[in-house]
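We have chain A; now place chain B onto it with these hints.
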Amino acid sequence: MQNKTVIKIENLRKVYTSIAAVDDISFEVNEGEIFGMVGPNGAGKTTTIECIEGLRQPESGNIKVLGLDPHKNEYALRPRVGVQLQQSALPHRIKVWEALDLFAAFYSSSVNWQELINQLGLEESRNLPFARLSGGQKQRLFIALALINDPELVFLDELTTGLDPQARRTMWDMVINIRDNGKTVFLTTHFMEEAERLCDRVAILDKGKIVALDSPENLIRNLGAEHRVVFTVQDNIEPNVAELHRLAAVTLVETIGERVVVHGQGDRLVVEVVNFLSVNSIRFRDLRTEQPSLEDVFIALTGREMRN
Amino acid sequence: MHGFWKLAWIEMKLFLREPMAAFFTLVFPLMLLFLFGSIYGNEPTTFFGGFGSVDVSVPAYTAMIIATTGLLSITIQIASYREFGILRRLRATPLRPQVILSAQVMVIFVMTVLSMALLIISGKFVYGLRFAGNPVNVLLAFILSSFSFFALGFVLASLLPTARTATVVVMALFFPMLFLSGAAIPLEVLPKNIRQYAQVLPLTHVVTLLRGLWVGDSLIAHVKEIIFLSAQLVIGVTVSTKIFRWE
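The listed protein sequences derive, respectively, from chains A and B. Everything in the first sequence is counted per the working numbering, starting at 1 for the first residue and increasing by one. Everything in the second sequence is counted per the working numbering, starting at 1 for the first residue and increasing by one.
The hints are simulated quantities; they were obtained by calculation from the structure and are not laboratory data. None of the values given here were measured: they were computed from a predicted structure. Hints may be right or wrong, so weigh each one.
[To be verified] Listed below are the simulated DSS-like cross-link pairs for lysine-lysine, each with C-alpha atoms no more than 30 Å apart in a straight line:
(1) 138/A with 124/B
(2) 13/B with 72/A
(3) 4/A with 183/A
(4) 6/B with 138/A
(5) 6/B with 183/A
(6) 207/A with 64/A
(7) 209/A with 64/A
(8) 4/A with 64/A
(9) 72/A with 242/B
Excised from the complex, chain A in its bound form (with noise of 0.2 Å):
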């Protein structure tokens, strides 16, 4: 099902000042898939996802979207790709109905924005004047805008960057719905938490090459890390509860008062400190697992010095 390519890149190279922004990376999406590129601050995202909307000029590599150069053919592109921008803005006194019917001028063939005003829930806000949205209803807007040509492929770039986490979450609804409606979409973010729940692929950048690109839990599993059982005990059984380390899985038993965290690695680690608990008796409450997450992968390909 998801074969065909929709965005095709070879040795992107861009460089600022001598110092190479985006470094010789190459990468493919695929048609119907939400794509994400995360990265720390500075990693080069923006600077990738702005070449593949034409937007940029890169010195050397590279790229064709939907069959297409977005430098030389970019009028064609245009109007079957739908853009966010990470930073920009309308004017402070058009009104978001007006944003709408505007934008929806710019195409030869465009959706009902009428219809795009109730699927992104701006029906309150269509008379507001565009500086007086919030956040969530800004980044609603410009959703709308890049969904106005009913594009096949629509870049997000930080989306829910700056949003509180209700408004993070009916983000992520929107995004998906865009792919289930049969949509490729293109993300950036810095939020591991995002990227894991939304992105059927994601490319880990930094310092401006691709250090890792996979399924979230492809990089999970690959990544090798411990799983964790943590539990609370009741009474003073210590010595039962530090027999746990002879089991095959686990790697590690900590006792903090009365809880208890087992490290270990594999999917049978639960198993067997549950059972081990049942047939010694051991009374716990509370037991839930801690399963490594895209951040670990990201921590642990990235490094953990401070960045700016």
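Okay, now just chain B, sitting in the frame of chain A:
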């Protein structure tokens, strides 16, 4: 083309929603007209070569309108559109860059025409405004003056990085020019040495050209002003197309 007209229409509405721009462009010239008209009336005097105060003020105020829209509106509008990323967003659509900028210029030009029309109509009905020139010549001079100031505005908008610096710089250029060029105060009442200084101000040439043509001078009599403003237009367009920045 549909995109161009829609953009121009929305920009027109936005212009009128901006109280400062609408006031300075459309209301302020009328305020001056009624203020000085009620003080001096419009009786012909030898001081103004047989014309009244209002007769010579209307072309001068027209020059003021051109300075307002060309210097203030264009520069501040473009600089803030660039600073806030509005130009970026517009450029990411299928609209050609020249279409985006022409729509802005057209709206500003329509506002300039509208303001001049209000001034002339008010002058005619309230003070019996006299006109002794060739309407076609005046119209051509008005168009040349407007576009040469729009070009200046685009040069400034390209040079000034933010809306705030643009506002400060154009105000610093606009107000001295307004009072020294004869646009707000007739040159006749200014001291002689100031009148000589005023010859270096672009707006002085607009005032001289429009006032002269208004009272019946030939185009030949104002070759100097026409050359100056044409040069400003050509240089302004050339320079701004070279240095204009979208972000």
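Going down the list of hints, with the structure as the test:
{"no.": "1", "hint": "138/A with 124/B", "verdict": "48 Å, violated"}
{"no.": "2", "hint": "13/B with 72/A", "verdict": "35 Å, violated"}
{"no.": "3", "hint": "4/A with 183/A", "verdict": "12 Å, holds"}
{"no.": "4", "hint": "6/B with 138/A", "verdict": "21 Å, holds"}
{"no.": "5", "hint": "6/B with 183/A", "verdict": "28 Å, holds"}
{"no.": "6", "hint": "207/A with 64/A", "verdict": "23 Å, holds"}
{"no.": "7", "hint": "209/A with 64/A", "verdict": "19 Å, holds"}
{"no.": "8", "hint": "4/A with 64/A", "verdict": "13 Å, holds"}
{"no.": "9", "hint": "72/A with 242/B", "verdict": "21 Å, holds"}
Of the numbered hints given earlier, the model fails hints 1 and 2; all others are met.
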